[in-house]
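Relying on the hints, combine the two individually framed chains into one complex.
Sequence order for the protein chains is X and E.
Take the first sequence: its position 52, counted from the start at 1, is 61 in the working numbering, and no numbers get skipped.
Take the second sequence: its position 269, counted from the start at 1, is 272 in the working numbering, and no numbers get skipped.
A few of these clues could be false.
Unchecked claim - Computed spacing ranges between beta-carbons, pair by pair:
1. X/R104 to E/A266: 56 to 62 Å
2. X/V101 to E/V257: 36 to 42 Å
3. X/E75 to E/T140: 41 to 47 Å
4. E/P139 to X/S74: 45 to 51 Å
5. X/R24 to E/R299: 38 to 44 Å
6. E/T140 to X/V101: 42 to 48 Å
7. E/R299 to X/D94: 45 to 51 Å
8. X/G105 to E/K233: 31 to 37 Å
9. E/A266 to X/K84: 33 to 39 Å
10. X/Q110 to E/T300: 35 to 41 Å
11. X/L16 to E/Q202: 26 to 32 Å
12. E/K233 to X/D23: 44 to 50 Å
13. X/K84 to E/T300: 50 to 56 Å
14. X/V101 to E/T300: 52 to 58 Å
Note that these hints are calculated values from the structure, not bench results.
Note that the structure is a prediction, hence the values are computed from the model and not measured.
Ideal placement from N, C-alpha and C gives every residue a C-beta, glycine not left out.
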Amino acid sequence: MAEDERLDAVAYLDRFFDELRDEVRTNPKFADRLVKAMGGKVVFEDATKTDIANPYILVADSSKSEFYSVFSSLKQSQLKKILKDNNLATSVDVRGKSASQLVDMLYDRASLKVTERKSSYF
Amino acid sequence: MTATIAAIANLKGGVGKSTTTVMLADGLSYFYGLNVCVVDLDAQANSSQMLLTERGVQMAYEQGKGATHLLSSFIKGEPANVAEFIAPNAVTLEELRIAEENDERLGWISALPSHPHLRLQEMGLEETWYSQAGTPTSLAAKLAEHFKSGFDALREYYDVILLDCPPHLSPLSRAGLSLADVFVMPTIADAVSTWGTKQFSDWVGANIAPDLPKRNFVLITRFRNTAYAKQVASELQDIYLKDRWFGPKIPESVHVLNAMERAAPDSYDTFRGKYGGVKGDVKRLSERFTDFLSQRTGHKWQKMRD
Numbered sequence: 010m011a012e013d014e015r016l017d018a019v020a021y022l023d024r025f026f027d028e029l030r031d032e033v034r035t036n037p038k039f040a041d042r043l044v045k046a047m048g049g050k051v052v053f054e055d056a057t058k059t060d061i062a063n064p065y066i067l068v069a070d071s072s073k074s075e076f077y078s079v080f081s082s083l084k085q086s087q088l089k090k091i092l093k094d095n096n097l098a099t100s101v102d103v104r105g106k107s108a109s110q111l112v113d114m115l116y117d118r119a120s121l122k123v124t125e126r127k128s129s130y131f
Numbered sequence: 004m005t006a007t008i009a010a011i012a013n014l015k016g017g018v019g020k021s022t023t024t025v026m027l028a029d030g031l032s033y034f035y036g037l038n039v040c041v042v043d044l045d046a047q048a049n050s051s052q053m054l055l056t057e058r059g060v061q062m063a064y065e066q067g068k069g070a071t072h073l074l075s076s077f078i079k080g081e082p083a084n085v086a087e088f089i090a091p092n093a094v095t096l097e098e099l100r101i102a103e104e105n106d107e108r109l110g111w112i113s114a115l116p117s118h119p120h121l122r123l124q125e126m127g128l129e130e131t132w133y134s135q136a137g138t139p140t141s142l143a144a145k146l147a148e149h150f151k152s153g154f155d156a157l158r159e160y161y162d163v164i165l166l167d168c169p170p171h172l173s174p175l176s177r178a179g180l181s182l183a184d185v186f187v188m189p190t191i192a193d194a195v196s197t198w199g200t201k202q203f204s205d206w207v208g209a210n211i212a213p214d215l216p217k218r219n220f221v222l223i224t225r226f227r228n229t230a231y232a233k234q235v236a237s238e239l240q241d242i243y244l245k246d247r248w249f250g251p252k253i254p255e256s257v258h259v260l261n262a263m264e265r266a267a268p269d270s271y272d273t274f275r276g277k278y279g280g281v282k283g284d285v286k287r288l289s290e291r292f293t294d295f296l297s298q299r300t301g302h303k304w305q306k307m308r309d
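One chain only, chain E, in its complex shape (with noise of 0.2 Å):
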């Protein structure tokens, strides 16, 4: 195996950054039977949650596994043993748990995941970072760097590695997109979001990807069957984004919002009953986006359950 990493990003929050991170989880684990980690850099730790529910963060957390313990170790100055920190089980989907139960793994999903005090420590590590002359350009290379070697030595365990990003450019953030080989950017169809996929474009193509269109991946999220969504859609894939690969629409709904939390940490459900009225959605995703990894990388996915 070698991982790709994929960066689920966009410079506007709420657009569905950790439900796509999710769904993109659930869905190649699920249908290809890929092996995943989800790498939270968002101090939100919403992925986290919606994974591991709000108890399980604060328990990986105090078992020392997450984002904050990969920091503190760039921090001390120490290797980025990026394995020590993975959560090795945030698997939500019965059929996964049972294979893996039964010796007969088809899927699986780990996490590192973030916590809220990453934030903190971030502003921590930056104050004394500036007070030194350092710069957020000069933090977020070191980052990089450090990172780099973590999740090198990571790629050879996984398929794809999916970081999702927080909807700003702190160092952390900016280190993270600088690990990206693919970015998944998903939006909303209105117009402030349409702005922001402008400005997304402009910083990523400008400071970390010039061959941004070739590696993008955008997603129309939360999707209303409108006049207006609809017009909005279109002028994306017509106009400004007409060089990207596009997902499927997902819509807004209620049973996205329900597979989204976890009952308890050692809840489980099957993936009709997690995703319900959106289960094609969440497959289709998983079609287009393997489609388009295969495009890039020449390799072709087979399908292990339909």
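Bound-form chain X, shown alone (with noise of 0.2 Å):
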């Protein structure tokens, strides 16, 4: 199919980042991975926080203050949706919390778990 459409080697090129444009403007945790991969920083932008923001990576290599400028501004929807898609509360944890027990809820579970995971030896 390619070679019927006889196109150079720069229009393969063009196309080939165009599609990886797209993706990344669509896709904001493939953007996420993109980004980390190259070892650049991740930005996050409300709009796809709930998307990308990872607790664990936070908690480990963030300070408390640090995580909680990242998750406090948001809704208590977003965070509940965090805490489950994070496998670190279930919809009876989470039923009647506000935003800020939710996140404080976020930080002690995630803290928990990534002690808990991580070597005590190194």
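Okay, structure coming up:
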């Protein structure tokens, strides 16, 4: 199929990078992985925080205040989604909790899991 | 040649230790022409079975080859002449067999196979040892001394010795781990296996290798391309094991399962035929592993095939 279209090498590359750009724009998780793979630091924007902010990584690599600065601006529903998506809480656990209680829960439980899973020897 | 001894180990079972052992043996011998010896210390004998078949494992045992005979030498107080117990041909790849037939050896695999009898034999030894006021630690230390004398003599004949370790800390397993220059830790991208990597790091770090991070090559196996697995894999690489060297992710695939079943003791297949859809993964595994060894030893291996 590609041979019939008779595109030159630059046109192929343009198509490839167009596809890549589109995917990065519309898929924040992919964009996050790509930036990390290239050694960059991911910037969390409100619109994509729920998709890409990983509480485990933030707990391990950032201060408590940085952690809270990323999550405190989120709505209850977004926090509940993050807690559930990261296996840090069930629907029962989050029932009736305020946003600030949910952020506390997120921090406490993510910290505990990181401590449990990281070697205590190294 | 001065072989590097690599223990393929994890205290958790079912993470792909034997499969990793066989993929490494095939990849290193096929792509880099290395002379590899696979030492199976696991009584389940899975890597032995994958290389030699069930019939081949039994034949080796009956011919005086394998880890049970090495353990017998310890029990009888005889020297550890490991070379005597090695099955010299554990090659399953047609390309290697043909090259050997034409006197153009480009990579080879030998094996010190295991046998299900190994665990019973070890239990018998433990009973005797403990009845004489010995401890698991003193037995592991004596076994390690015995093995060291045997494997040190073997180092000049091989480039890499792969120790397929069982998923527990029996004296035999501890002796094997203490011989290792490097540790290959296969793991699965899930919560229980992640916790298993902590147990392994804690125990090996405290008892065998205080510098484990520098000597540890981690491989995520049976990888499914799901959001959950991607997240756990990223946490392993970015948080829990961020100071380790990672290999490529090996996918969960029917090609892997097929590659690990040899049709008969005299059956061979081409590399492409054996590994099918995962041949690129095995190639990347051997590339990453030789990079890891080069960074430790300073020696650079050249690819013999592509």
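A quick look at each hint next to the structure:
Hint check: X/R104 to E/A266, Cβ distance near 57 Å, so the stated range 56 to 62 Å holds. For the pair X/V101 and E/V257, the supplied restraint of 36 to 42 Å holds, since their beta-carbon distance comes to about 39 Å. Separation of X/E75 from E/T140 is about 45 Å and conforms to the stated range, judged on CB atoms against 41 to 47 Å. Separated by about 48 Å at the C-beta atoms, E/P139 and X/S74 satisfy the suggested range of 45 to 51 Å.
In this structure, X/R24 and E/R299 meet the distance hint of 38 to 44 Å, their C-beta atoms being roughly 42 Å apart. Checked against the hint of 42 to 48 Å, the C-beta distance between E/T140 and X/V101 comes to roughly 46 Å, which is consistent with it. Checked against the given bound of 45 to 51 Å, the beta carbons of E/R299 and X/D94, roughly 39 Å apart, lie outside it. Take X/G105 and E/K233: their Cβ atoms lie about 32 Å apart, and the range 31 to 37 Å holds.
For E/A266 paired with X/K84, a C-beta distance near 59 Å fails the hint of 33 to 39 Å. Separation of X/Q110 from E/T300 is about 54 Å and departs from the stated range, judged on CB atoms against 35 to 41 Å. Taken as a hint, the range 26 to 32 Å is violated for the pair X/L16 and E/Q202, whose Cβ atoms sit roughly 54 Å apart. At roughly 29 Å, the beta-carbon separation of E/K233 and X/D23 lies outside the given 44 to 50 Å, and the hint is violated.
The supplied range of 50 to 56 Å is met by X/K84 and E/T300, whose beta-carbon atoms lie about 54 Å from each other. Distance hint for X/V101 and E/T300: a CB-CB separation of about 54 Å, consistent with the stated range 52 to 58 Å.
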